[in-house]
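Student: Protein chains in written order, with the working numbering: chain A, 145 to 341; chain B, 25 to 204.
Do not rely on the hints blindly, as some may be mistaken.
Label-pair restraints from in silico Cβ distances [to be verified]:
#	chain 1	residue 1	chain 2	residue 2	range
1	B	P54	A	A339	42 to 52 angstroms
2	B	S99	A	G319	40 to 50 angstroms
3	A	S280	B	A88	51 to 61 angstroms
4	A	G315	B	D169	44 to 54 angstroms
Hints were generated in silico from the structure; no laboratory data involved.
Heads up, the beta-carbon is just placed ideally off N, CA and C, and yes, glycines get one too.
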Amino acid sequence: MKTIRVALWIAAVIAAIASGFLVWSSQNQDVTQVTAVQIGGPFTLTDQNGRTVTERDFADKARLVFFGFTFCPDVCPTTLARIAGLVQQLGRDGDKLHVLLISVDPERDTPAALKDYVEAFDKRFLGLTGTTQQISAAAKVFRIHYEKVATANGDYTMDHTSGILMFSASGAFKGLMKIEDTDERSLASLRSLIAAP
Amino acid sequence: MITRRWFCFASLGGPWLISSAYAHGEYGGPWTLGDLVVDGAWARVVPGGAKSGSIYLRIRNTGASEAKLIAAESSAAQSAMLHETKDTDGVASMRHLDDGLVVPEYGEVLFAPGGFHVMLVGVTKSTPGELLPLRLDFGAGRFIDIEVPIFPLTSSAPDGDYNSSAGADSEAGGQSLHKH
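Same shape as in the complex, but just chain A (with noise of 0.2 angstroms):
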């Protein structure tokens, strides 16, 4: 009997301690979690060219990443025709950067309709597609927010994070490219993010 109270005794310490460790690796992952959300990581979808790419294949420069659709008729051309401008403004420093649209439509967007349509606003945009399932892992690793919606004619539209996100070479996210900014400011913060590590 006395051996049987002293394991049950032991069993139960180890319960505890068990629990314990539990408890304080749960939370040592949510403050693990927090402080780590990061935009930005891996993904792997397919360019203009039909070519399957991953972050990898663009970690050798900063890069703009952009979501957005080619039936997109307000916001992603003047989004992509902004930066076309400000990459042609920086010269021979725009051969330094990425310029990534990922498509929030890969129904519509093929990587042959993509080529056409970003390579329209400058040879060295980049247009990725993928498979639902790789546009929705993409969208969750940069934070971005899509949804199809239905339009008066039938068709449908996209929602979608507008915002131009910003990478150093190292792949550290550095904010957002304000579109209202003036060229000057837009230029400024275009060096700077090819400058960084």
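Start from chain A and add chain B according to the hints.
Tutor: The following block gives chain B in isolation, referenced to the frame of chain A:
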């Protein structure tokens, strides 16, 4: 909370004023119908791979009673719709103006990127320098036929100053209500 924080920075603050360049002479207009004057009309060329585009313009009402734009149509597109881009916590969405758009007495309405626009679907004309025919329908048989010049793709800043807003006053939602 942290995940949402940067969305706040994304607020784009209503229509992005492309340029005030109504004085440049390259924009379409003015066209007049009674007290209504349409000017500053332009469209960006529809990039390859896309089928949708937008027309931007300004409608001024010099009269003492309000007017209402109820619809638009173009023979160079499958459909034309009156839309407004809205920005909510950094998420851009497009709203169809089901009830049309009021042009207040002695006021004006500005269609500009990031705000009101006439969305064209299935555009058949898209070469810079070409003119897009557009009919603006103000109801009761009142309409203005205009021809909108198509600008090059990167022409969001024809005067090189994207943020210039002189002369093209605008308030939230793209509607400017200037009483003279």
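Student: All hints are to be evaluated individually against the structure, with a verdict given for each.
Tutor: How the hints compare with the structure:
Roughly 47 angstroms separates the CB atoms of P54 (chain B) and A339 (chain A), a value that falls within the hinted 42 to 52 angstroms. Separated by about 45 angstroms at the C-beta atoms, S99 (chain B) and G319 (chain A) satisfy the suggested range of 40 to 50 angstroms. As the Cβ distance of S280 (chain A) to A88 (chain B) is approximately 53 angstroms, the hint placing it in 51 to 61 angstroms holds. For the hinted restraint 44 to 54 angstroms between G315 (chain A) and D169 (chain B), the CB-CB distance of approximately 53 angstroms keeps it satisfied.
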